[in-house]
Amino acid sequence: MAVKPEYRLQTLLQLRERKKEAAEQHLAACLKALRTEQERQREMEEELTRLMNKRKEKMREYAETAMKGQMSAADAVSANVYIERLKELEVAQKHAIEGQKQVVAQKQEEVKSAQKSLTDAMQDLKALEKHREKFEDQVKHEQDTKQEESMDEIAQSIYLNRER
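So for the sequence shown, the numbering used here puts the first residue at 3; every next one is plus one.
Bear in mind the hints are in silico, worked out from the structure with no lab data behind them. Just so we're clear, the structure is a prediction, and the values are computed from it rather than from any experiment. Hints may contain errors.
Stated by the list, open to error - In silico SDA-like links for lysine to any residue, alpha-carbon gap of 20 Å or less: (1) Lys103 - Leu50; (2) Lys128 - Asp146; (3) Lys103 - Ala157; (4) Lys114 - His28; (5) Lys132 - Arg20; (6) Lys21 - Asp122; (7) Lys109 - Ala98; (8) Lys132 - Leu15; (9) Lys103 - Gln40; (10) Lys142 - Leu11; (11) Lys89 - Glu49; (12) Lys60 - Asp77; (13) Lys109 - Val93; (14) Lys6 - Glu138; (15) Lys58 - Met69; (16) Lys58 - Ala81; (17) Lys21 - Ala31; (18) Lys56 - Glu90; (19) Lys21 - Ala129; (20) Lys96 - Glu41; (21) Lys132 - Glu8; (22) Lys114 - Glu23; (23) Lys34 - Ser115; (24) Lys118 - Leu36; (25) Lys6 - Ser152; (26) Lys21 - Lys6; (27) Lys34 - Lys109; (28) Lys132 - Gln12; (29) Lys89 - Tyr64; (30) Lys128 - Leu29; (31) Lys60 - Val79; (32) Lys118 - Ala24; (33) Lys89 - Arg57; (34) Lys132 - Lys60; (35) Lys34 - Thr121; (36) Lys22 - Ser119; (37) Lys6 - Glu131.
Claimed, not checked - Quick list of the computed label-pair ranges, beta carbon to beta carbon: (38) Ala157 - Glu8: 48 to 56 Å; (39) Glu135 - Val105: 39 to 47 Å; (40) Glu47 - Leu17: 42 to 50 Å.
The beta carbon of each residue, even a glycine, is placed where N, CA and C say it ideally should be.
Let the hints inform the model, and build the full structure from the sequences given.
This is the structure:
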């Protein structure tokens, strides 16, 4: 049987396969980074909730102490300073969360871009694989045709040899 001709775009096919694999790895890395940043944002929001609850608890505690008359003027001033400091921490945490939301949005855009790159790489690879399949079908058809012609020649030779 004849040697099957080599697919002339095999190198390009391999490059496209590697490009697709690289795009898959890049997408996985982007998704991992996105999950990490989302987790960081969730932790920051939990910390803000904890700070707000702590401030409310201290305000309630100081109010009860003041109502009972157990708080001096100096204690009231220091309590107010502490409450204001807790409010400042909350504001700082809110700003940090806003910054983190921007980071998460950026990571989401990177994921979208990576998904598009993967889609493009997959389409390129599929197109080339389809081309290779057509090439292989054409080669098979040509080989089958040659084999049929050879078989016809052999059959004709046998027939002609019998006639003589």
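| task | Provide an ascending list of the numbers of those earlier hints which the structure does not satisfy. | result | 2, 3, 13, 26, 34 and 38
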